[in-house]
Structures are given as C-alpha cells and as structure tokens.
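**Q** What follows is the residue order along each chain.
2 protein chains.
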Amino acid sequence: MARLAPQTHDEILAAAARRFGVTGYRGTSLQDIASEVGCSKAAVLYHFANKEAILTELMAPAIEALRTLDERIVAQPDPEGAQRAAAEGFVDLAVRFRAEIALLRGEFPNLLQQPGFTHIQQISERLLDALAARSERSSARVAAFVLVAGIAETCGEFADVPDDELRDALLALLRRALEPAR
Amino acid sequence: MARLAPQTHDEILAAAARRFGVTGYRGTSLQDIASEVGCSKAAVLYHFANKEAILTELMAPAIEALRTLDERIVAQPDPEGAQRAAAEGFVDLAVRFRAEIALLRGEFPNLLQQPGFTHIQQISERLLDALAARSERSSARVAAFVLVAGIAETCGEFADVPDDELRDALLALLRRALEPAR
DNA sequence: TCAGCCCCTGACCGATCGGTCAGGCATGCT
DNA sequence: AGCATGCCTGACCGATCGGTCAGGGGCTGA
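Protein chains in written order, with our numbering: chain A, 1 to 182; chain B, 1001 to 1182.
None of these hints come from the bench; they were simulated from the model.
Pairwise CB distance ranges, derived in the manner of DEER restraints:
(1) Ser1029/B / Ala65/A: 30 to 38 Å
(2) Glu1136/B / Ala60/A: 36 to 44 Å
(3) Thr56/A / Thr1023/B: 20 to 28 Å
Computed from a predicted model, the values in this text were never measured in an experiment.
All C-beta atoms, glycine included, are put in the ideal place defined by N, C-alpha and C.
With the hints as extra help, turn the sequences into a complete structure.
**A** So this is what it looks like as structure tokens:
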C-alpha cells in the first residue's frame, strides 16, 4: 500500500488530532493513528521522531500565541491593565485554538509536568497572577484558577456554538466573575 | 513478607489514593500501588477484584453525596431555587471531597465515559442545567460549564487553603458569575 | 541503464500493563 | 493431630505499548 505523495505528514497530523480529541493523548496509540491514516505504524515514525513530536507540532501555533500573549501581559505596568489584557487575550486565544485545546481532553495537568512544557507552566502562572489582578488574596487566586481551568476545559465542549458567540459569553462571564484590582 | 493484619485492604486504599493523586488513575499501575503498600501486586488483586474496583470504592462516598445533591436539586420547583441549591450544594460537595476529586487529576472526561459511571454524567447534566437556571441561552450554559469544570479542577490544587476559606471564595465567585434566572 | 534517494513495509524488540494461578504459611477450630 | 480457612507469594499469561531495523519498490538524475 505505497502512498504516492509526501502529504502523508499532514494526514498523520490530522488523524492524530482527531484521535487525540476522542481518546486523549495517552489513550491514543501510534497504531490507532496509523490505522486512521491507512498506513503502517512505522510510517508514522518515519515522519515523526516519536509520539510526543506529533503533539508538539500540533500544539506549536497555540503555544506560540500563548507566548506572545504572555509578553503583552508582562508589559502592562498596572494590575488593572494586566487583568484586562489577560482576560481578553486568554478568551481570544481559547476560542481561536479551541480545536487544539480540545484534543488535550483534560490531560493538561499531566502534560504540563512533562519536560519541554515547563515554560508553559510558568506562563500559566503569570496569566493567573494577572487575572487575579496581581492580588495575593486567596479568593482572587481561586477565582482566577477556576476561570482559566474552566475555560480551557469548556472550549472543546461547545463545538456547536460559533466562535463569536462563545467569545462573547466567555468575556461576559469574566467581566462578572473577576474581582476588581485593589 | 507475610502481612499480619487484614488492615491491608485499607492500606491499599490509602496508597492508591496517594498515587492516583500524583500520577492519575491511568498513570498509576497496580505494581505502583503494591510497591507503596509493601506487598505484592497479587495481594492487591486479592483484596480488590480489579483496578477499577479500587477507584469505585475510593469514590463511593463522593458519588453518594453527589446523588443526594441531585435529588435535592430535582425537587426544586423554580429555576431560582434550583440554581441556589445547585451552587451551594456543589461548592459544599467540592470542598468536602476535594481530596477525592484531586485524585482524578483531570481524568474526569475519560472516566465519565466508562461503563458504571454513565449515571454520573446524567447527574452532571442536571447540575449544569440547574446552575444555568434552566436557561437554554448558550451564554448561561457556557458559564455554568466553565464554573463546574473549573471548580472541579481547582479544588485539588489549593490544598493549602483551609476548607471554609475555599468555600467562601467559591461561593462568592458563583454569586458574581451566575446570571440570574429570567 | 543504473545508482541513489525518498517513502514505506513487516517483522521484531524490550518493557509494561491488568490479571490469573497453584501453592505455601500461618492460625484456629474440631 | 489433623484439617480448613484467610492471607499472601512468585511465576506466569496474553495483550499492547513506543520504538527499531533491514529491506524493498518507485521515482529521478546522471
């Protein structure tokens, strides 16, 4: 079953995204992906160094966007500006990349601890700090965490809701839920 | 290394809870649990029919509490009452059983789809419906989902925050974030 | 025509998984 | 003394995992 074109690389990516979205990263085997593509498991590993390389290539655009958001937040001098930038930026990012987020399927905590994702964890901490308006109060920190974790978990779920409707709903929620800085 | 007492059953439960909390259910092997207890893997399977039986026994009290909460919510005639009962009941439940919730470590979606947990999914849907004040508007449904998923993910994280402080923070957040029924 | 490269295959590897099984060693009842 | 029962062990099972490897077909440029 020889494949004609070098587009196999992209087909593997698409197949992996589909499978990860259903059974999660850990719950998807290289054989699953190969079967979905219609090639051998060895072919998958010809195009990608290993299983993790598929995931990192799949998540690369989202991670890059997260990094630029981080820079924008850090550049904000006052807590109010940082909170607003974090809220709007994070919602925009969550909606734009909800397909990518969805395919992690609640494996965030486990994946974040893996080597190569540690800097993501630092970015998330700064994001939480900004959403809490740089407050130390536990109520602000708890609220920020609930909202970030909840939004991340939510975006993949409401696939039937159009982008702008989802974005409006999330922004309105954040406006209501976030405590003002003080 | 013969073990003297039948307390091994409870030691296995405690060890499993510890390991599940760190590496998750799927990420913890029966051998891991056995090593933590200091017995053989076969001993673990002498006390429990299989791996899932350990998890279900660990989660039994939390599931029972969730079921009674569901009954209380369903009994509420009007949306406002259902929303209030759901909010207060869910926060209380999340804080009381945060240790149990923590050891699922974001494996909620995967575990809920497993047979034997399907009725939990129905309960969660009713909980979401109540929190959205039985509204069909996507903004209300999205907000309810964010809050439920976020709170579930949060509770295990803030182990250093005392129970009542966490409960107050979550209740205040829900009061701000939930749209009134209409 | 032929060498060389790209793309891919099937066979195979060691490791680990959840789970089974026969047997052994205490303890306690008859 | 003899026997049953409860608790536990090491050895083993088939399945599956991520990953490796030698080789083979087809295309291309010399």
